[in-house]
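Novice: Now for the letters of each chain:
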Amino acid sequence: MINNKTFLIGGIIVALLIGVVAVFLASGDPDGLESTALIVQGQKTLTGDTPPEAEIQEDLTGKFSYESPMPDYSLGDAMGSTGGILAIAVGTLLAFIVVFGFAYAIKRSGKSTDPNQ
Amino acid sequence: MHIPDAFIPIGQGIIYWIIALVFIALALRWARNEMSEEKLPIVAVLAAGIFALQSFNLPVSMGTSGHLVGGALAAIVLGSPFAAVFILALVLIVQGVLFGDGGITTMGANIINMGVIGGFVGFYSFKGLMKMTKSMPISAFIAAWLACLIPALACAVEMFLAGTFPLREGLIAMGVYHAAIGVIEGVVTVAAIYLITSVRPDLVDDGVKTTAGAKAA
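Chains as they are written, first to last, in the numbering used here: chain X, 1 to 117; chain H, 1 to 217.
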């Protein structure tokens, strides 16, 4: 059995490796929800391929819109796959830190307020 | 199945957010009262792993791709559906805010689908199947498959209520695609449980280990 430190570092390395491989090997096809939207909009059939020019039409009337800093897990076309790797690495590490930090803080605060814990 | 902002009117998005917040509050209570401090490493590593795996879209034919969602994985490994809500909510916040994967007003709906429905379906179907089959791989595969399919059907209903998809067409397409994507969910979930159990069996919930599962039955 490996200790906590090895498990944490090993876990992060495995996650980062998956992210790097994803940048190069991930499929560019739309996901299930996007494919369904393309069917509804008449750009695709249920079992047919997605045409390369297919694009989801978004009606933003009465909807919220937000510009994220790293859309589509990339840092823009100029950065290419390096940008993709950086974006996914930042996300993976942030997911780790946010969840660890949150869980840790909850356990700490739980201890000071609830003597039964 | 990350719903973008454009797919749900703001008013409906707020309703999903309110429901999601109730489950987030319950998940925080789970983290404070039931998650032991020894589990911190596995909770954080699952978050990193689920984030990375969600960026890995694999082709499922029919011009469509999909990736692991991870609700069943988190719930099974940590022995509670609220573990899935806790981890998926935070992962979805990072994805939505930083990467525009899933909207902001639709984040509540995404947390409900992938965290709440995925977590509860994954956890309870795993528990039931484990009692029947006594086999972790069979139980985890089917539970994870269901934890991909059922949230997708819920998503199709939400899209109907939002006026984005017609009901029948949405249910059929979402169902067909996620029945295929669910195979990825099943395979990756079983592989991840094997991997984690082989390096740190103590961090995995007792319900996962066949002997304990058999005992419970």
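The hints are simulated quantities; they were obtained by calculation from the structure and are not laboratory data. The reader is advised that the hints may include incorrect statements.
[Unchecked claim] A short, non-exhaustive set of chain X residues, derived as facing chain H with CB atoms under 7 Å:
#1 I9
#2 I13
#3 A22
#4 A26
#5 S27
#6 D29
#7 E55
#8 K63
#9 S68
#10 I85
#11 A103
#12 A105
#13 K107
[What the hints assert, rightly or not] Counterexamples of contact, computed for chain H against chain X with all Cβ distances above 12 Å:
#14 G49
#15 S61
#16 Y124
#17 K134
#18 I138
#19 D205
C-beta atoms are modelled at their ideal positions from N, C-alpha and C, and glycine is treated no differently.
Novice: Would the hint on X:D29 stand, with a C-beta cut-off of 7 Å toward chain H?
Specialist: holds (4 Å)
Novice: Restraint: X:K63 near chain H, CB-CB cut 7 Å. Satisfied or not?
Specialist: holds (5 Å)
Novice: Beyond 12 Å from chain X, beta-carbon-wise, is H:D205?
Specialist: holds (16 Å)
Novice: May I ask you to check that H:I138 keeps its beta-carbon over 12 Å from the closest beta-carbon of chain X?
Specialist: holds (24 Å)
Novice: Using the nearest Cβ pair, does X:A103 come within less than 7 Å of chain H?
Specialist: Holds: closest Cβ of chain H sits about 5 Å from X:A103, inside 7 Å.
Novice: Quick check on X:I9 please, does its C-beta sit within 7 Å of some C-beta on chain H?
Specialist: At about 10 Å, which exceeds the 7 Å cut-off, the nearest Cβ of chain H leaves the hint on X:I9 violated.
Novice: Against chain H, with CB atoms and a cut of 7 Å, does the hint on X:I85 hold up?
Specialist: violated (11 Å)
Novice: Quick check on X:E55 please, does its C-beta sit within 7 Å of some C-beta on chain H?
Specialist: With Cβ-Cβ at 13 Å, over 7 Å, it is violated.
Novice: Taking 7 Å as the limit, does the beta-carbon of X:A22 come near enough to a beta-carbon in chain H?
Specialist: The hint holds - X:A22 has a Cβ within 7 Å of chain H, the shortest such distance being about 4 Å.
Novice: Confirm or reject: H:Y124 is not an interface residue toward chain X, with every Cβ-Cβ distance exceeding 12 Å.
Specialist: For H:Y124, whose nearest Cβ neighbour in chain X is about 23 Å away, the distance exceeds 12 Å, so it holds.
Novice: The hint names X:S68 as touching chain H; please verify it with the least Cβ-Cβ distance against 7 Å.
Specialist: holds (3 Å)
Novice: Does H:S61 really sit off the interface, with its C-beta more than 12 Å from all C-beta atoms of chain X?
Specialist: violated (8 Å)
The structure is inconsistent with the numbered hints 1, 2, 7, 10, 12, 14, 15, although it conforms to all the rest.
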